[in-house]
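Q: Sequence:
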Amino acid sequence: MAKKFSDEVCLANYKKVQELFNKVIPDHSRFSVVYGCGVDVGMTNFVVVRKTTYTYSSYAVGFDTGGEEIVILPIDIDMESYGSPVYLKKSEIDKAKISWLSKEITIRDKRLPKKYIQFSVPEMINQDPDNVVIPVKQNEEAKRFAEFFKKSYSK
Numbered sequence: 001m002a003k004k005f006s007d008e009v010c011l012a013n014y015k016k017v018q019e020l021f022n023k024v025i026p027d028h029s030r031f032s033v034v035y036g037c038g039v040d041v042g043m044t045n046f047v048v049v050r051k052t053t054y055t056y057s058s059y060a061v062g063f064d065t066g067g068e069e070i071v072i073l074p075i076d077i078d079m080e081s082y083g084s085p086v087y088l089k090k091s092e093i094d095k096a097k098i099s100w101l102s103k104e105i106t107i108r109d110k111r112l113p114k115k116y117i118q119f120s121v122p123e124m125i126n127q128d129p130d131n132v133v134i135p136v137k138q139n140e141e142a143k144r145f146a147e148f149f150k151k152s153y154s155k
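The opening residue of the sequence shown carries number 1 in this note's numbering; numbering runs sequentially from there.
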């Protein structure tokens, strides 16, 4: 049975994600911040065996409704280290969409390492049996991000 995290722990984790974003991004005050997580599935076929690997990613995602810009900051699960932020303006990306079924966001852009990025912005994660995502509670923020993305970012 997976350990269930309290609302207080989830809210504290969300605040840590925000604080890390604010520490790294110079003009952070114009962005609202949400936690995003993604999984990349890789398959390798050998003569007899098929190997499947899963790579989990966590992101602090900032969105600016006025400037129609998203900043994606890769973060580790401990919320202590981070990667290079990627700034994605609506006018500069190739394609962006949100899946109506899974609510997964896909942004295609030549500047991204794999030419695309996929992630979801859950309203709440309070269980994680495999310790691969950050337990967060961001109900209102996730709804605002989804509205922003659908309204002004999807191409």
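Honestly, I wouldn't trust all of these hints.
[What the hints assert, rightly or not] Straight-line Cα separation of at most 25 Å, PhoX-like style, residue types lysine-lysine; simulated pairs:
hint, residue 1, residue 2
1, K16, K115
2, K4, K90
3, K110, K151
4, K103, K143
5, K51, K89
6, K115, K90
7, K15, K3
8, K4, K151
9, K3, K16
10, K4, K15
11, K151, K115
12, K95, K110
13, K51, K143
14, K15, K143
15, K90, K110
16, K103, K89
[As the list claims (entries may be wrong)] Label pairs and their computed distance ranges (CB to CB):
hint, residue 1, residue 2, range
17, G67, K143, 14 to 22 Å
18, K151, T55, 26 to 34 Å
19, R50, E19, 40 to 48 Å
20, D128, S81, 29 to 37 Å
21, G67, K23, 34 to 42 Å
22, K115, S6, 33 to 41 Å
23, L101, M124, 45 to 53 Å
24, E80, K51, 25 to 33 Å
25, H28, D128, 25 to 33 Å
26, K95, E8, 35 to 43 Å
27, S154, E8, 32 to 40 Å
28, Y54, L101, 15 to 23 Å
29, D78, R108, 26 to 34 Å
30, G66, R108, 20 to 28 Å
No wet-lab data here; the hints were simulated from the structure. Quick reminder that beta carbons are idealized off the backbone N, C-alpha and C, glycines included.
Q: Now tell me, hint by hint, if it's right for this structure.
A: Results for each hint:
Of the pairs offered as hints, the one joining K16 and K115 is violated, with about 29 Å between alpha carbons and a cut-off of 25 Å exceeded. Between K4 and K90, the direct Cα distance comes to roughly 37 Å. Violation of the 25 Å bound is thereby established for this hinted pair. Taken as a hint, the K110 and K151 pair is honoured in the structure, with Cα atoms around 23 Å apart against an allowance of 25 Å. Distance restraint check for K103 and K143: the Cα-Cα separation of roughly 11 Å lies within the 25 Å cut-off, and the hinted pair is therefore satisfied.
Our distance criterion of 25 Å between C-alpha atoms is broken by K51 and K89, whose separation comes to about 37 Å. For the proposed pair K115 and K90, the alpha carbon gap of about 15 Å is at most 25 Å, so the pair holds. Distance restraint check for K15 and K3: the Cα-Cα separation of roughly 21 Å lies within the 25 Å cut-off, and the hinted pair is therefore satisfied. Simply put, K4 and K151 have alpha-carbon atoms about 34 Å apart, too far for the 25 Å limit, and the pair is violated.
The hinted pair formed by K3 and K16 meets the criterion: a straight-line CA distance of about 20 Å does not exceed 25 Å. Among the hinted pairs, K4 with K15 is consistent with the structure: their alpha-carbon atoms are about 19 Å apart, no more than 25 Å. With a CA separation close to 23 Å, the supplied pair K151 and K115 stays within the 25 Å bound. Pair hint K95 plus K110 holds up; C-alpha atoms about 10 Å apart against a cutoff of 25 Å.
Between the alpha carbons of K51 and K143 the distance comes to roughly 37 Å, so the proposed pair goes past 25 Å and is violated. A C-alpha spacing of about 17 Å is found between K15 and K143, which places the hinted pair at or below 25 Å, so the restraint holds. As the CA atoms of K90 and K110 are separated by approximately 13 Å, the hinted pair is consistent with the 25 Å bound. The suggested pairing of K103 with K89 holds, with an alpha-carbon distance near 21 Å, which does not exceed 25 Å.
At about 20 Å, the CB distance of G67 to K143 agrees with the hint of 14 to 22 Å. The hinted range of 26 to 34 Å is satisfied by K151 and T55, whose Cβ atoms lie roughly 31 Å apart. For R50 and E19, the hinted distance range of 40 to 48 Å is satisfied, since their beta carbons lie about 42 Å from each other. Against the hinted window of 29 to 37 Å, the Cβ-Cβ separation of D128 and S81 comes to about 19 Å, which falls outside the hint.
Taking 34 to 42 Å as the suggested C-beta distance range, the pair G67 and K23 does not conform, at roughly 21 Å. For K115 and S6, the hinted distance range of 33 to 41 Å is satisfied, since their beta carbons lie about 39 Å from each other. For the pair L101 and M124, the supplied restraint of 45 to 53 Å is violated, since their beta-carbon distance comes to about 19 Å. A hinted range of 25 to 33 Å for the beta carbons of E80 and K51 is consistent with their spacing of about 31 Å.
Taken as a hint, the range 25 to 33 Å holds for the pair H28 and D128, whose Cβ atoms sit roughly 27 Å apart. For K95 paired with E8, a C-beta distance near 39 Å keeps the hint of 35 to 43 Å intact. Judged by the Cβ atoms, the range 32 to 40 Å given for S154 and E8 holds: they are separated by roughly 34 Å. Checked against the hint of 15 to 23 Å, the C-beta distance between Y54 and L101 comes to roughly 20 Å, which is consistent with it.
Between D78 and R108 the C-beta distance comes to about 30 Å, which sits within the given range of 26 to 34 Å. At about 24 Å, the beta-carbon gap between G66 and R108 stays in the expected band of 20 to 28 Å.
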